[in-house]
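Here the protein sequences come in this chain order: A and B. At position 90 of the first sequence the residue is numbered 90 (my numbering), and the sequence of numbers has no breaks. At position 177 of the second sequence the residue is numbered 177 (my numbering), and the sequence of numbers has no breaks.
Honestly, the hints are just simulated from the structure, not real lab data. Where a beta carbon is used, it is the ideal one built from N, C-alpha and C, also for glycine. Check before you lean on any hint, since a few could be wrong.
[Claimed, not checked] Pair ranges (Cβ atoms, derived): (1) 64/B - 32/A: 32 to 40 Å; (2) 32/B - 18/A: 36 to 44 Å; (3) 199/B - 181/A: 39 to 47 Å; (4) 168/A - 201/B: 26 to 34 Å.
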Amino acid sequence: MKYTQGKYQVLEKKALAKDIFSIVILCPEIAEIAVPGQFVHILPQGCTLRRPISICDIDREKGTLRIVFIVKGDGTKNIAAVNEGSLIDMLAPLGHGFTLDKSFKKVVLVGGGIGTPPMLPLAKIYGEKAAVISGFRSAEAVILQEDFKKTGAETILCTDDGTTGIKGFVTQPLKELLEQGSIEAVYACGPMPMLKNIAALADSANVYCEVSLEERMGCGIGACLVCACKTKKDGEEHFAHVCKNGPVFNAKEVIW
Amino acid sequence: MADLSVKIAGVEFKNPVIPASGVFGYGREYEELFPLSKLGGIATKGTTITKRNGNPSPRIAETPSGMLNSVGLQNPGIDKFISEELPNLMTKDTVILANIAGSTADECVEIAKKLDETDVHMIELNISCPNVKQGGMAFGATCDGAAGITKRVRQVTKKPLVVKLSPNVTSIAEIAKSVEAEGADALSLINTVLGMRIDINTKRPILKNNMGGMSGPAVLPIAVRMVWQTANAVNIPIIGMGGISSGEDAVEMMMAGASAVQVGAAIFTDPYAPIKIIDGINDYLDSNNIKSVSEIIGSVQPW
Ligand SMILES: Cc1cc2nc3c(=O)[nH]c(=O)nc-3n(C[C@H](O)[C@H](O)[C@H](O)COP(=O)(O)OP(=O)(O)OC[C@H]3O[C@@H](n4cnc5c(N)ncnc54)[C@H](O)[C@@H]3O)c2cc1C
Ligand SMILES: Cc1cc2nc3c(=O)[nH]c(=O)nc-3n(C[C@H](O)[C@H](O)[C@H](O)COP(=O)(O)O)c2cc1C
Ligand code: FES
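Whole structure, please, built from the sequences with the hints as guidance.
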């Protein structure tokens with residue numbers, strides 16, 4: 001089995017910040033095979049299309065997945081309305097996740113805003129070998145910092161307005177870490193302009209970099225071709241599909 | 001268990017449910033969820049002569065009880081389809097309809113010639129794609145255009161030829177008659193309804209292509225009406241589609257005159273939709289003591 005679809009029980013629901021929710025879902029067969037960087041495709045009540053949400057935590061022992069999402073429109077609003085104990089319709093796990101290499105001695109995980117959740121499973125795997133840089137608009141939008149600390153990773157917090165952590169963008173501390181050398185990989189998720197800058201920094205420091213991209217989706221499994229994004233491989237342009245070839249791409253292959 | 005088999009243009013279908021062109025790829029991804037042999041047939045992604053990348057993203061938007069798409073016929077080209085996808089599909093014990101979508105009549109003829117030499121069961125000639133600048137819907141918009149291209153493709157293939165019609169016309173029945181007159185063995189309808197959505201905060205259309213094709217539950221009544229009008233106008237079988245998401249919807253479409261149905265957008269909502277629709281049709285037949293699904297085809301009793 002690569003993925004499955006069914007209705008799964010919500011065990012826990014918490015608000016983490018304004019309009020940001022964390023949901024833990026009991027789905028042993030999905031948790032068993034899910035890997036960092038993959039996503040779940042949730043059908044909100046009353047919608048025709050599913051909504052892709054990254055996996056934020058995988059607990060194989062408990063058979064659970066956790067997702068963290070922000071309410072944007074009707075779909076995410078309806079997902080947020082699901083109560084503990086009720087069921088959620090999910091097609092998962094989907095997509096191609098991050099490339100992990102246990103031999104890496106030092107990696108940097110960069111999350112911007114609602115792009116921070118998919119960094120958590122990576123932080124759990126790399127632990128002390130990881131530095132996690134998280135960027136948010138402002139103090140009240142900050143999420144998951146305690147969870148990252150628990151993994152043993154170094155955490156660096158930035159806010160655009162300086163209300164907490166370093167004032168400024170995630171690229172500043174990233175640049176400093178890259179200049180120190182010894183970084184073997186950068187993993188990032190967040191808004192496109194941020195990812196573009198991160199990819200450029202990693203490229204000039206000659207460090208391997210993977211980014212998780214977003215695109216509007218239909219099937220979520222690679223059949224309908226709606227989620228196209230332009231990539232290049234061996235100098236040739238392709239239309240890759242975020243749901244199947246991604247959402248995680250080698251930053252060198254992305255056409256920004 | 002009722003008899004679900006139907007026959008269209010001499011081709012036996014074990015049941016009347018077919019995933020529609022464009023939502024199912026070549027079946028590989030859905031095969032992870034259920035055996036393709038459960039399906040009556042599969043309509044493959046629209047194929048052009050050479051590889052096409054399609055339109056820029058976003059290519060999809062949700063609409064009330066439906067969706068818009070503007071994929072624009074992304075596909076690997078007919079040669080790759082024939083060498084890499086078709087042989088695999090032909091082993092799946094289900095009817096394969098190769099959907100073709102050239103941007104000129106010459107291109108459609110070339111593709112049809114190549115398919116004529118394969119084992120594919122049927123050709124579905126798409127003269128109704130709203131998402132391409134050339135060909136597509138432009139062929140299907142006038143009786144002359146639709147007749148002309150049907151005639152040319154008919155000349156080069158002995159395969160059962162299904163012509164897929166656009167709803168974006170004044171009289172679909174007139175188009176259907178002209179296609180029938182040029183030798184189409186069957187019709188399939190409807191393709192997507194041209195639509196548009198705008199993000200009021202950015203004043204930008206949601207689709208990068210500005211417009212797209214609408215499908216999903218919201219179009220069901222339009223599709224039922226068009227199938228009914230067409231069934232009253234022609235003597236060839238019709239494959240009905242547009243908004244079908246349950247066994248009841250499929251039964252309704254067949255009562256309007258469809259001999260089989262295709263399922264598109266519903267597969268995004270529920271990947272098992274085709275299987276559930278097959279079961280739903282069977283449940284309806286059993287609970288109404290109808291022995292064979294073919295009894296309900298065109299059985300509507302209009303006022
Ligand atoms: C691989 C992937 C992982 C994601 N992970 C997360 C996550 O962990 N947490 C989180 O909060 N958000 C995540 N998103 C974004 C999330 O999918 C959208 O915010 C959500 O679909 C919006 O739905 P809506 O109905 O609330 O908003 P609306 O704007 O009303 O949505 C309308 C339509 O557009 C689509 N859409 C809108 N924005 C996006 C977007 N950014 N990406 C993809 N589709 C979009 C919706 O799915 C829906 O079909 C992810 C997106 C992708 C592609
Ligand atoms: C994403 C998507 C891609 C499609 N691509 C094609 C195509 O390549 N060729 C074609 O004839 N129809 C295509 N269609 C139209 C469908 O086959 C079908 O006619 C239409 O969606 C109506 O059915 P539905 O309401 O069940 O979706 C596409 C539809 C969707 C949603
Ligand atoms: S969403 Fe269907 S191919 Fe990616």
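Assessment of proposed distance window 39 to 47 Å (beta carbons of residue 199/B, residue 181/A): Given a distance of about 44 Å, which is inside 39 to 47 Å, the answer is holds.
Between residue 168/A and residue 201/B, does the beta-carbon spacing fit 26 to 34 Å? 27 Å, holds
Honestly, do residue 32/B and residue 18/A meet the 36 to 44 Å range at C-beta? 38 Å, holds
Could you say whether the range 32 to 40 Å given as a hint is met by the Cβ separation of residue 64/B and residue 32/A? 38 Å, holds
No hint from the list above goes unmet by this structure.
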